[in-house]
Amino acid sequence: MSFREIDDVLWESMEPYLPPQKSYTGRPRANMRKLMNGILYVVMTGCTWKDVPRKYGSKSTVHRFHLYLCEHGIYQKIFNEL
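Each number in the numbering used here comes from the position in the sequence shown (counting from 1) with 284 added on.
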């Protein structure tokens, strides 16, 4: 199965379920849309987390975000919406 990044319509329906972007001083937070694309890349291609393309963020950041979504039931909320 080929991989396509999240389009604007899908992103608009997913974004309300994701954690809010907090304003911090210091290092900026990772782009959640890129992280979600990285997670979907792993799921759709079957690659390992270490093979996530850099354009989606670091492999550890993408994987940590995936774990966060699992632990907080966010995937289920998104799937229920879709």
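Simulated from the structure, these hints should not be mistaken for laboratory data.
Don't take every hint at face value.
[Stated by the list, open to error] In silico DSSO-like links for lysine-lysine, alpha-carbon gap of 27 angstroms or less:
no.: 1; residue 1: K343; residue 2: K361
no.: 2; residue 1: K318; residue 2: K339
no.: 3; residue 1: K318; residue 2: K343
Straight-line alpha-carbon gap K318 to K339, limit 27 angstroms:
Between K318 and K339 the Cα gap is close to 8 angstroms, so the pair holds against 27 angstroms.
Please verify whether K318 and K343 have alpha carbons no more than 27 angstroms apart.
holds, 12 angstroms
27 angstroms limit on alpha-carbon distance, applied to hinted pair K343 and K361
Distance of about 24 angstroms is within 27 angstroms: holds.
Against the hints set out earlier in the document, no violation occurs for any number.
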